[in-house]
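Peer 1: Full structure from sequences and hints, please.
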Amino acid sequence: MAFQLHPQLQKDCIRLGRLELCQLLLMNDSQYPWFILVPEIGDIREIYQLTPTDRSLLQEESCQLAERLAGLFKADKMNVAAIGNLVPQLHIHHIVRYRLDKAWPAPVWGKFDAVPYTEHQLEELLPKIKTAFDDILTR
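Using the working numbering, read the sequence shown as starting at 1 and increasing by one per residue.
None of these hints come from the bench; they were simulated from the model. Hints are not guaranteed to be accurate.
Distance condition first, Cα-Cα at most 30 Å in a straight line; then the derived DSBU-like pairs of lysine-lysine [stated by the list, open to error]:
#: 1; residue 1: K77; residue 2: K128
#: 2; residue 1: K102; residue 2: K128
#: 3; residue 1: K111; residue 2: K11
#: 4; residue 1: K77; residue 2: K130
Between beta-carbon pairs, the in silico distance windows are [what the hints assert, rightly or not]:
#: 5; residue 1: Y98; residue 2: D134; range: 22 to 30 Å
#: 6; residue 1: P52; residue 2: K128; range: 29 to 37 Å
#: 7; residue 1: S56; residue 2: V115; range: 34 to 42 Å
#: 8; residue 1: M1; residue 2: K77; range: 29 to 37 Å
#: 9; residue 1: R68; residue 2: K102; range: 19 to 27 Å
#: 10; residue 1: N85; residue 2: Q59; range: 19 to 27 Å
By construction, the Cβ of each residue, glycine as well, lies at the ideal position given by its N, Cα and C atoms.
Peer 2: Laid out in structure tokens, this is it:
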């Protein structure tokens, strides 16, 4: 089955580009720097369904993303998780957390309604992301 991004991810996220294996998405919730990796492989729900090579590549891309986000946003903690209870397509959340954020120390899922980015916020944020990921991100 050919890869197609799940409709809920299309609705909730802004596509930033592609790494070697995954699409990189920005969750459209300005309360937290929240990014999602989605392997571009059709009909995959779980990490164990990936080939060993793709599992390794997903791990590498996830670690690169988490490390760069932690530095870029000066995170107190990175939350990285593959939940998939509502969106079954394999996707990995990377959420920058701060001790003073609205949901701390609880998980962010379902805690508060999303607050979409304003156009001005995106104009400021997207160039920073492009600069931070320019060497690994394609459009």
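Peer 1: Would you mind marking each hint as holding or not holding in the structure?
Peer 2: Hints, one by one, checked against the model:
1. K77 - K128: holds, 20 Å
2. K102 - K128: holds, 23 Å
3. K111 - K11: Answer holds: K111 to K11 is near 19 Å, not above 30 Å.
4. K77 - K130: holds, 22 Å
5. Y98 - D134: 22 to 30 Å: holds, 25 Å
6. P52 - K128: 29 to 37 Å: At 34 Å between Cβs, range holds.
7. S56 - V115: 34 to 42 Å: holds, 36 Å
8. M1 - K77: 29 to 37 Å: holds, 36 Å
9. R68 - K102: 19 to 27 Å: With Cβ atoms ~23 Å apart, the hint holds.
10. N85 - Q59: 19 to 27 Å: holds, 22 Å
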